[in-house]
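Could you build all of it, start to finish, from the sequences and the hints given here?
So the sequence lines, in the order shown, correspond to chains A and B. The first sequence begins at 1 in my numbering and counts up one residue at a time. The second sequence begins at 89 in my numbering and counts up one residue at a time.
All clues given are correct.
Cβ pair distances, simulated, as ranges:
| no. | chain 1 | residue 1 | chain 2 | residue 2 | range |
| --- | --- | --- | --- | --- | --- |
| 1 | A | Q62 | B | Q268 | 18 to 28 Å |
| 2 | A | Q62 | B | G119 | 27 to 37 Å |
| 3 | B | D710 | A | L40 | 49 to 59 Å |
| 4 | A | L31 | B | G119 | 25 to 35 Å |
| 5 | A | L31 | B | P233 | 47 to 57 Å |
| 6 | A | L31 | B | L397 | 55 to 65 Å |
| 7 | A | Q38 | B | V311 | 34 to 44 Å |
| 8 | B | S198 | A | L40 | 24 to 34 Å |
| 9 | B | A522 | A | T58 | 51 to 61 Å |
I should point out that these hints are in silico values taken from the structure, not numbers from a laboratory. Note that this is a predicted model, so its numbers are computed, not measured. All C-beta atoms in this analysis are idealised placements derived from N, C-alpha and C, irrespective of residue type, glycine included.
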Amino acid sequence: MSDASLSDATLSDVTGRLVGLVEQVTELPGLTTESRFQNLDNWTSLAALRLLTDIEDTFGVQLDLRAYFAIADIDQLSELVTSALAAR
Amino acid sequence: MHTDEDLLARIRAVRGPDAPADPGLLAALAGLTAPTARRDAGRLLANVPPARITPEGRALRPLRVAIAGTFTAENVAPLLRLELLRSGIAPELHVSGFDQLLVELSDPDSELARFAPDVTLCLLHDEALLPLDWDPADIETLSGPAAHRLAMLEQAVAGFAERSTSAVVLHTVPLARAQQRRVIGYAGRAELGAAWRELNQNLLDLGARHPSVHVLDFEALLVDHPGPVRDDRLHRFGGIAWTFGVEAEFAREAAAFCRATAGRTGKLLVVDLDNTLWGGVLGDDGPEGIQVGGGYPGSCYTELQRGLLALKRQGVLLAVCSKNEQSAVDAVLASHPELLLRPDDFVARAANWGRKDHNIRQIVETLNIGLDSVVFVDDSPFECDLVARELPEVKVVRLSGDPAGHLAAVLEPQFFGALSTTATDRERTGMYRARAERADFAASFASANDYLTGLGLKVTVAPADEFNLPRLVQLAARTNQFNLNPGAHGESRTREMAASVDHAVLGFEVSDRFGREGWVGAAWVAKGPDHWLVENFVMSCRVFSRGVEHAVLAHLAELARAAGATTLHADYRRGERNGPAASLVEAFAETGATDGATDGTTRYALDLSTADVAVPAWIELDRREPTHV
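Structure representation (structure tokens):
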């Protein structure tokens with residue numbers, strides 16, 4: 001397996017798991033990677049912190065809150081988590 | 089993880105206004121494992137009527153619980169809801185906003201006051217007591233203002249307690265590491281530690297000064313908590329003073345308190361004996377062979393007994409429920425030098441070969457207490473599963489793994505909480521023992537079929553071969569209870585018989601849905617032209633009372649008939665310990681002493697032309713063909 005396909009596989013896996021976590025926290029099924037957090041029902045700062053805890057628990061990373069709250073959708077969240085995973 | 093997701097899906101299915109009922113769901117909630125899944129379950133269950141997830145006829149105890157904090161405490165609510173539901177309590181929860189504790193307590197017309205809680209949980213964090221700026225060179229600048237704040241809290245709590253019927257729960261407070269690190273001198277840190285302990289000491293004293301106020305020593309529990317108390321990001325951003333793990337820990341403690349308030353606590357602990365109260369099997373190892381006292385692992389069982397004795401002294405009733413001979417149990421409890429628990433410490437001692445669910449029912453009826461106040465402790469997955477299934481109200485503690493963990497397994501779920509204990513609690517065992525004194529605990533073996541059918545019992549019978557023969561010989565030597573003829577068949581005799589055409593040695597294996605028990609017994613048979621003789625039959629006590637011996641007997645009868653024999657004989661030398669083996673010959677006729685026997689051996693006979701010996705319906709018998717050794 002080449003490096004490129006390996007990182008692709010890892011990336012899509014991260015995104016998929018994040019979609020699941022966001023669906024779980026918001027109780028909204030059928031989200032996409034472009035769904036914007038601000039437009040989601042049930043999206044409160046406590047829900048955001050619950051999602052943070054779940055992400056950190058699932059991936060074993062710690063995120064910078066400033067970067068975390070600057071994020072608009074799951075695509076960007078995936079980038080943040082992936083770079084946190086790489087920095088471990 | 090998979091089960092967690094299945095359970096969350098089941099919860100989602102009962103959420104809509106017209107959702108169908110799922111009466112088994114409440115019991116299934118016990119299977120939630122991941123802490124985040126428990127939190128999600130508690131959140132999803134917020135607006136589900138408890139009746140929808142409860143079996144017909146079982147009502148949950150309603151309880152109004154308020155959560156008010158000096159910080160953002162609303163994450164505790166879903167965790168607490170789940171813990172309470174699992175305890176048989178239907179909670180109505182009220183959560184106050186960020187830092188609303190003092191306001192809500194003080195205002196007679198606050199939302200909290202109007203909610204009229206049964207229990208008010210007051211969640212505190214260090215910054216609520218600390219002044220913002222204290223001088224690390226002068227700890228007085230901390231302790232003075234902190235004492236003042238605590239006095240204000242006490243005043244608010246006392247006022248609220250006076251106006252309300254609620255129990256008010258406070259707790260001791262851990263000091264954040266960063267606060268301690270502010271002080272660089274070791275003498276100063278010691279002084280800070282002393283000042284902080286004094287605050288917690290004063291908190292603990294509030295319970296004694298105000299009758300409806302109770303104080304959990306939460307700081308002491310956090311010593312064992314894996315992980316930090318605070319996530320500074322969540323604290324600074326959202327005013328959340330505790331990490332998720334600490335929230336869960338508090339929810340567990342608060343739920344235990346609520347159970348005690350609601351009277352949902354255990355009154356009777358029913359305990360198994362072999363490999364539970366002591367290590368080993370009394371019937372096989374003898375009183376001198378069981379493990380208790382001395383060094384490891386006997387010391388673990390001693391510690392468990394010490395813990396049970398402590399429960400007894402606080403009013404919890406203890407009872408024995410063991411598959412054993414009653415006389416052997418009574419003797420060992422009365423006279424074993426290392427046992428801490430003695431016959432008088434138990435309100436009832438049921439030692440027999442009957443079903444444990446029947447025994448427990450009988451004990452409970454004799455004592456006239458509810459099944460829902462019973463906690464059952466046993467090491468056998470079979471017994472635990474049977475009791476959990478037949479008596480769903482009973483709390484079951486299954487001991488497994490290292491015996492050093494057994495006491496914690498019994499105490500940690502906090503089934504026995506009480507708001508306070510009194511002098512009469514010490515006398516309770518004596519009072520109840522009088523009720524049970526004349527009861528004869530002889531639970532039946534009958535009507536086990538329904539349960540045993542679901543067990544998927546499989547018995548495999550196979551002639552002795554090179555692989556299993558050493559194990560069969562070992563079983564003959566070590567089995568004292570189900571043994572027709574103790575000590576009769578050693579290795580050389582067994583090899584001779586296995587190789588002879590006029591004899592057979594058959595071993596049997598048992599498996600069920602809990603797994604394989606392996607080789608658990610064997611039969612030594614002499615094959616005559618008209619009569620077959622069972623010279624010996626042994627079976628491990630692990631598989632008693634499941635009909636296994638009857639399945640093997642049916643197989644032997646079948647083989648004997650096919651070989652043209654008309655009678656099956658069995659020789660039984662009844663001694664002190666091998667009473668249980670009588671179950672094998674219960675369908676046989678006694679024919680008197682075996683010819684020439686002077687050791688008390690009796691011959692039993694089964695007429696194969698008339699006798700009806702069948703494999704029990706709940707057992708699948710697998711007959712292996714003899715392989716030539």
